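> Heads up: the sequence lines are chains W and C, in that order.
With my numbering as the guide, the letters of the first sequence map in order to residues 1 to 437.
With my numbering as the guide, the letters of the second sequence map in order to residues 438 to 760.
Please note that a few of the clues may not be correct.
[Unchecked claim] In silico lysine-lysine, BS3-like type, Cα no more than 30 Å apart, as pairs:
no., chain 1, residue 1, chain 2, residue 2
1, C, K496, C, K545
2, C, K705, W, K318
3, W, K390, W, K251
4, W, K290, W, K251
5, W, K290, C, K630
6, C, K496, C, K518
[What the hints assert, rightly or not] So the derived label-pair ranges between C-beta atoms look like this:
no., chain 1, residue 1, chain 2, residue 2, range
7, C, N505, W, E293, 40 to 46 Å
8, C, M550, W, D136, 55 to 61 Å
9, W, P387, C, G632, 52 to 58 Å
10, C, G551, W, D136, 28 to 34 Å
11, C, R649, W, L347, 44 to 50 Å
12, W, D136, C, S658, 43 to 49 Å
13, C, K705, W, L347, 54 to 60 Å
14, W, P289, C, G551, 42 to 48 Å
Just so you know, the hints here were simulated from the structure itself, not pulled from any lab data.
Note that this is a predicted model, so its numbers are computed, not measured.
We put the CB at the ideal spot given by N, CA and C, even for glycine.
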Amino acid sequence: MPETSLLITGGRVIDPSQSIDRVARLLVVDGRIEAIDPADSQIPESARHIDASGRIVAPGFVDLGVELREPGFEEDETIASGSDAALAGGFTSILACSSTSPCIDSHGAVEFVRQKAVQADGVRVHVIGCLSKNRDAKQMAELGLLHEAGAVAYSDAPRPMPNDALLKRALEYAQMFNLPIINRPNVMTLSEGGVMHDGQVALVLGLKGLPTEAEDLAVARDVRIAEATSGRLHIGPVSTMGSVDLIRRVKERGIPITASVCPHNLCLDDSQLRSFDSRFKVHPPLRSPKHIETLCAAVADGTIDAIQSGHMPRAREKKMDDLDASPFGLSSLETTLATISTFMLGLEGFDWSAAIDRLSTAPARIAGVPGGDLKVGSLADIVIIDPDEKWIVDGHQFRSHCISTPLDHLELTGRVTHTLVGGRVRFALRPETEHLA
Amino acid sequence: MMASADQSELTFPPAWNRRHLLDMESLSADEIRALLDTAQHLKEITGGCRDKISLLTGKTCANLFFENSTRTRNSFSLAAKRLGADTVEFSSSGSSVAKGETFVDTAKTIEAMGVDWVVTRHATPGTPHLLAREINSSIINAGDGPHDHPTQGLLDMLTIRQHRGSIKGLTVALVGDIAHSRTARANIWGLSKLGATVIVCGPPTLVSPRWRELGFEVAHSLDEILPRCDVLNLLRIQFERQAARPFPSVHEYAALYAMNAARMRRAKQDILIMAPGPINRGVEITPEVADGPQSVILEQVTNGIAVRMAALWLTAGANNDSH
């Protein structure tokens with residue numbers, strides 16, 4: 001196979017893993033990073049060229065949990081459409097949730113997703129295996145066989161694990177395979193029937209609330225079990241001040257838990273539900289401004305390690321129903337970067353390097369998957385960002401099957417212009433005019 | 438029979454330009470007064486709502502009720518007919534909803550038959566707002582879950598105003614299941630906008646302390662607030678909306694919150710006793726109070742027709758798209 005090489009010039013290269021943040025040239029050969037600022041003699045004559053002047057060149061984003069909905073719910077999303085959406089959002093690796101039908105609790109199910117991902121030939125799709133058999137929280141799934149099949153983490157997400165004993169056993173047992181358990185914090189007996197944040201807005205609208213204590217109590221339980229077992233636990237996504245407080249205190253004690261948050265929970269508050277529009281029915285719910293402020297600060301100071309898209313695609317016809325009947329869900333892969341750049345940049349302690357860390361470096365480390373850095377020899381999974389481009393979100397333009405987004409019609413600043421997976425340009429915002437020379 | 442009074446006296450109030458009546462919270466005090474004044478006038482020129490007038494002849498009102506209703510549905514139906522409009526009646530049981538059709542598609546289907554208003558009741562908050570975005574008819578909210586029930590709030594206020602002349606300065610307690618009550622929310626917004634002091638009263642499991650953050654008085658003891666009250670609106674315990682019972686027993690609830698003869702003796706002599714109905718005799722209110730001289734429960738029902746006539750007429754006359 002002939003050598004392929006690519007030179008990206010003029011861009012501001014940011015790699016938090018190496019504390020790099022400077023204008024540099026990046027040379028990619030055969031799908032891997034060959035050099036940053038290569039000598040001219042290193043650059044093959046045949047190298048193709050991307051002029052990234054005025055843009056940011058960073059490790060591709062890694063998502064800790066995306067619902068791809070195939071098999072079983074292809075009307076919501078397929079592995080191919082989710083892969084396309086991820087690429088358009090700058091993601092180069094995603095972890096696929098087990099919320100399919102059948103769920104991913106067997107070797108064959110893992111293999112199905114991996115094969116479909118190969119066919120889709122887009123983003124790298126890693127598989128999250130079920131934590132419990134049939135996702136029914138009764139019996140531990142075959143964690144070892146799932147690991148052998150290629151699963152990189154375990155979770156019943158977006159369902160939480162309500163069974164304390166099972167979570168404890170799984171955190172102990174999974175240490176054999178050194179894979180993380182990802183759990184969504186939610187005490188369902190407290191949140192059952194809720195459609196939005198349980199606050200003043202819900203009170204006025206007469207909508208059943210999702211109380212913050214449903215999340216806080218679950219986080220408290222999870223971190224105590226993690227501490228007791230020394231298991232690898234990732235909590236997320238979180239949405240409350242109480243969660244942040246608990247996570248911060250536990251980390252201060254040296255317990256190696258990690259946590260993530262969704263971008264929409266960092267910028268939109270529960271007053272959006274005053275429109276009674278199901279676009280704003282998401283989980284975790286849009287909270288009140290004081291929760292948002294706390295979450296943003298926690299992302300900035302690293303208490304919250306990672307940002308995940310929270311992509312929960314649901315078919316248009318499902319989201320057209322009334323608020324009680326409409327499912328939680330949204331399309332968010334394609335807006336994650338712009339949401340962060342629009343609403344988070346400029347907050348104290350949060351710059352582009354921090355943003356890239358939360359979107360790429362940290363989640364890759366948490367999941368233990370390749371990517372998240374631009375070190376020589378690493379996979380050339382790269383995102384190129386125009387930090388100044390303004391654009392208006394239009395769900396109808398999404399590559400995802402799901403067009404429902406709480407950001408519809410908002411003007412955002414910052415946009416992914418290229419996504420490279422293994423050195424190949426797999427997404428270019430304006431492919432006809434500019435991406436390769 | 439047709440009314441003998443001169444209906445040409447009825448003028449379109451300048452405060453009103455809404456095509457829909459979706460909730461009480463978004464109405465201004467002037468808009469509420471416009472509705473009440475119009476309802477009062479319609480009641481007078483129709484001989485207490487018994488005669489027909491031809492204000493809306495040729496128009497059609499569809500009653501789309503996705504929840505059970507007796508008084509509200511019949512009240513809207515009579516209101517439309519007494520203004521000369523035709524009515525279409527729809528119930529979700531036995532309809533295409535039972536076959537899986539969404540309520541929006543059902544509403545669109547009914548609208549396609551040529552209707553001017555869709556009066557809707559649904560168990561989910563916000564459904565009238567959703568319909569207002571999806572279809573072209575005027576939407577009148579006849580109750581959306583625990584959210585709002587503007588015509589109920591208006592008929593309560595009309596009844597109070599008829600007895601007291603003004604709402605301003607009165608102290609009105611809403612007692613009972615505030616958490617699940619659309620009537621409570623409609624009253625809270627309407628009464629406070631017209632200058633009443635509103636107290637929400639009931640056990641903490643049914644009355645959120647967050648109402649205080651919104652400027653309303655929260656009370657958990659009816660006996661403590663009773664001497665101050667000019668009006669008591671006794672709200673039904675909505676067992677059907679509660680996943681778990683919010684108090685130990687009906688017996689205990691009645692002991693703490695039921696309006697009975699003993700409590701009447703401690704109340705102001707001219708207190709008005711109201712209830713949106715249906716009433717649970719012996720739970721929120723004892724029979725001697727429900728049927729007693731201070732009770733205006735049946736007047737509320739009569740006023741409901743006048744209020745709904747006003748709502749239909751005013752929304753029909755609006756010529757812009759504002760909500």
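> Would you mind marking each hint as holding or not holding in the structure?
Comparing the hints with the structure gives:
1. K496(C) to K545(C): The given pair, whose Cα atoms are some 17 Å apart, holds under the 30 Å limit.
2. K705(C) to K318(W): Given pair K705(C), K318(W) is violated - Cα atoms ~53 Å apart, limit 30 Å.
3. K390(W) to K251(W): The hint is violated at about 37 Å.
4. K290(W) to K251(W): holds (22 Å)
5. K290(W) to K630(C): Answer holds: K290(W) to K630(C) is near 28 Å, not above 30 Å.
6. K496(C) to K518(C): holds (10 Å)
7. N505(C) to E293(W): 40 to 46 Å: holds (44 Å)
8. M550(C) to D136(W): 55 to 61 Å: violated (46 Å)
9. P387(W) to G632(C): 52 to 58 Å: At 53 Å between Cβs, range holds.
10. G551(C) to D136(W): 28 to 34 Å: violated (50 Å)
11. R649(C) to L347(W): 44 to 50 Å: Given a distance of about 32 Å, which is not inside 44 to 50 Å, the answer is violated.
12. D136(W) to S658(C): 43 to 49 Å: holds (46 Å)
13. K705(C) to L347(W): 54 to 60 Å: Once the Cβ atoms are compared, 56 Å apart, the range 54 to 60 Å for L347(W) and K705(C) holds.
14. P289(W) to G551(C): 42 to 48 Å: Given range 42 to 48 Å: holds, Cβ gap about 46 Å.
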